[in-house]
Amino acid sequence: MNRKTKEIFIKYIFFVFALVAIIVLAMIVFSLFREGLPIFRQVSVKDFLFGMEWYPTYDPPDFGIFPLIIGSFIVTIMATLIAVPLGVLAAIYISEIAPRSIKEVLKSVIELLAGLPSVVLGFFGMVVIAPILQNVFDLPTGLNIVNASMILALMAIPTISSISEDALYAVPQEFKEASYALGATKFETIAKVILPAALSGVTTAVMLGMARAIGETMVVLMVAGGAAAIPESIFDSVRPMPASIAAEMGETPYRSLHYHALFATGMVLFFLTLTFNLIADYVSNKFKQTGSATL
Amino acid sequence: MLKMFKRVLCVATVFALMSTVSFASESVVFKGSTTVLPIIQEAVEAYMKANPNVQMSVSGGGSGEGIKAIIDKTTDIAMSSRAIKKEESELAKSKGVNAVEHVVAFDAIIPIVHPRNKVANLTIDQLSQIYQGNITNWKEVGGDDLKIVAISRDSSSGTFESWDHFVMKKSKVTPRAQMLASSGAVTTAVGKNRYAIAYVGIGYLNKNVKALSVNGVKGTAETALSKEYPLARELYVYTNGEPTGEAAKFLAFLKSKEGQKIVGKVGYVPMISLK
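From first to last, the protein sequence lines stand for chains A and B.
Read left to right, the first sequence gives residues 0 to 294 (numbering that gives the first Met the number 0).
Read left to right, the second sequence gives residues 0 to 274 (numbering that gives the first Met the number 0).
Hints are supplied without guarantee of correctness; some may be wrong.
[Unchecked claim] A few chain A positions that, by computed beta-carbon distances, are all more than 12 Å from chain B:
no., residue
1, Met0
2, Phe16
3, Ala20
4, Arg33
5, Trp53
6, Tyr54
7, Leu80
8, Val119
9, Leu138
10, Met217
11, Pro252
12, Thr274
[Unchecked claim] Label-pair restraints from in silico Cβ distances:
no., chain 1, residue 1, chain 2, residue 2, range
13, B, Ala82, A, Val23, 45 to 51 Å
14, B, Val99, A, Val44, 44 to 50 Å
15, A, Gly50, B, Gly132, 35 to 41 Å
16, A, Val127, B, Asn205, 52 to 58 Å
17, B, Asp143, A, Thr184, 54 to 60 Å
18, A, Gly50, B, Asp144, 31 to 37 Å
19, A, Thr274, B, Ser272, 24 to 30 Å
20, A, Thr274, B, Asp144, 55 to 61 Å
21, B, Gly63, A, Val23, 54 to 60 Å
22, B, Gly63, A, Phe14, 33 to 39 Å
23, B, Val216, A, Pro116, 40 to 46 Å
[Stated by the list, open to error] Computed footprint of chain B on chain A, listed as stretches where at least three residues anywhere in the stretch have a Cβ under 8 Å from a Cβ of chain B:
no., region
24, 3 to 11
25, 180 to 192
26, 220 to 233
27, 238 to 247
Hint data in this document are derived by calculation from the structure and do not stem from the laboratory.
Predicted model only: the values in this text are computed from it and were never measured.
All residues carry an ideal CB built from backbone N, CA and C; glycine is no exception.
When you get a sec, could you build the whole thing from the sequences and use the hints?
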């Protein structure tokens, strides 16, 4: 085999590897839709998305996932509210302020947090956080929105922090030097030069963190409480979509209406995470900092 | 590309066919109740480990589906959490099927609360009202002035189905009820929450939770077997005529001490004393 054919050979091998991911994704999406769409022959899209009652095993069944969608959104938004300040500020500290030794330790600890299995975090929320929440606030239940949001935030922090940190690190050195040369303090440099320059990266980080939180299953299954009703306070239980799918899929008869309804819920979830990813992609391309002139 | 894919598919199919032909000397199909399914599933796994030549497949669908399948002769053994109805057994006879009943275990569902809860007994109606969301405070049933947090199992679980059968009788569980994914999670949650009420199969009781009496009867293996305890029932399997071959051997195994140990392990009441 001469050098040229070798090159071509290698090129196609890599092409096949790249293709595998696309083919697998296409197959998953295809089966998701094939199993999910039949529900809409029985239930209208509007009744499915905005129906208030989720009674899949009764006769006649109700397949309204609106309380589940609300459940997913509320835990994701609250988790984001907790995780964004913590994650972004941690990233700023690591990238701009911390001395080298602390920086290395912090970075690896945050990465370790990302490596914690979600079932361990869920168990922690259920056995440790829930009784504490219940005693401190004198609540009827510790398995609620606040508990789930805190655990989800813990899972989103590593994503947000490490991607933000990469973005902050990528801000050119001359920006900072220029800022200092004009007499700006360190705080002014961070707040007015570095953070705006890295904003698209930080936004991407937040979006990916949210996508992580909304798709997370084990934690919400274990600590959100699982009540399929619109919550009246942040200490109520909710039933986010992934929890519903995970809890019910195992015992539902194959290709029953309930089975199709769970796949359709999976489709809704797929579209939501897709939206988050598209927004992240759009923001990081559109507001990409190229050169210093646009600052 | 497509041709090659087809060829691979062909080879795979041939292999799959060969494997079923050469390894399965006899196959037994189970279908029916999701309440009975965990027992059969465990027992089948144990039985197949001891008899690797036997092919057994278990699927759910509910008691009605199982009995329908035995009448249509599409299953060898039907699992059911209720006795066969008169119409069903007549329909079976008209199709030349003689549905023979075998009791394989007892099912007893116990309401549980936090050990510090003062309430010790509830009637079935009170339980139903609590789960429908009509009774919302423990003081309404003789307890402290605390909100009731009703914890339920997921609506597709067999335990939920039992609860629905004994207590709810087709009334809807309030959407405010918490739904937990396993009986283990339920006992953990109740053991840590003095507002909570939940229900589990008798095998899941432990010292962290307090079992309630129902209509004044304490739920134990004895009261379940004597049917004195109201939330108890027999679990059945049905065969077409007296079972033969592997089906008969499997049912003998299920009724043996070893089989009934499995019944206890998955949370139901064994029919014989295991001591």
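Taking the hints in turn, this is what the structure says about them:
Listed as outside the interface, A:Met0 is consistent with that label: its C-beta sits roughly 23 Å from the nearest C-beta of chain B, beyond the 12 Å cut-off. No beta-carbon of chain B comes within 12 Å of the beta-carbon of A:Phe16; the shortest separation is about 17 Å. Here A:Ala20 stays apart from chain B, with its beta-carbon at least about 18 Å from theirs, past the 12 Å limit. Distance check for A:Arg33 against chain B: the nearest CB is about 19 Å away, which clears 12 Å, and the non-interface claim stands.
Residue-level check failed: A:Trp53 sits 7 Å from the nearest beta carbon of chain B, not beyond 12 Å. Residue-level check failed: A:Tyr54 sits 6 Å from the nearest beta carbon of chain B, not beyond 12 Å. Every C-beta of chain B lies more than 12 Å from that of A:Leu80, the closest at about 24 Å, which supports listing it as non-interface. With a least beta-carbon separation of about 15 Å from chain B, A:Val119 lies farther than 12 Å from that chain, consistent with its non-interface assignment.
With 12 Å as the threshold on Cβ separation, the claim that A:Leu138 sits away from chain B is violated: the shortest Cβ distance comes to roughly 8 Å. A beta-carbon of chain B comes within 12 Å of the beta-carbon of A:Met217; the shortest separation is about 10 Å. Distance check on A:Pro252: its Cβ comes as close as 5 Å (rounded) to a Cβ of chain B, failing to clear the 12 Å threshold; non-interface status is violated. At roughly 27 Å, the least C-beta separation between A:Thr274 and chain B is larger than 12 Å, which holds for a residue marked as non-interface.
The given range of 45 to 51 Å is respected by B:Ala82 and A:Val23, whose C-beta atoms sit roughly 48 Å from each other. A beta carbon spacing of about 48 Å between B:Val99 and A:Val44 agrees with the range 44 to 50 Å that was offered as a hint. For the pair A:Gly50 and B:Gly132, the supplied restraint of 35 to 41 Å is violated, since their beta-carbon distance comes to about 19 Å. Between A:Val127 and B:Asn205 the beta carbon distance is about 19 Å. The supplied range of 52 to 58 Å is therefore violated.
Distance hint check for B:Asp143 and A:Thr184: the Cβ-Cβ separation is about 59 Å, which falls inside the suggested range of 54 to 60 Å. About 36 Å separates the C-beta atoms of A:Gly50 and B:Asp144, a value consistent with the hinted range of 31 to 37 Å. Restraint check, A:Thr274 to B:Ser272: a C-beta distance of roughly 60 Å breaks the suggested window 24 to 30 Å. The hinted range of 55 to 61 Å is not satisfied by A:Thr274 and B:Asp144, whose Cβ atoms lie roughly 46 Å apart.
As the Cβ distance of B:Gly63 to A:Val23 is approximately 39 Å, the hint placing it in 54 to 60 Å is violated. Checked against the hint of 33 to 39 Å, the pair B:Gly63 and A:Phe14 fails, with Cβ atoms roughly 53 Å apart. Remark: the range hint 40 to 46 Å for B:Val216 to A:Pro116 is upheld by a beta-carbon distance near 43 Å. With 0 residues having a Cβ less than 8 Å from any Cβ of chain B, the region 3 to 11 of chain A misses the three-residue criterion, and the hint is violated.
Under the rule that three or more residues need a Cβ within less than 8 Å of chain B, the assignment of the region 180 to 192 of chain A is violated, with 0 such residues. By the rule of at least three residues with a Cβ nearer than 8 Å to a Cβ of chain B, the coverage given for the region 220 to 233 of chain A holds, with 7 such residues. Only residues whose beta carbon comes within less than 8 Å of a beta carbon in chain B count, and the region 238 to 247 of chain A has 5; three or more means the coverage holds.
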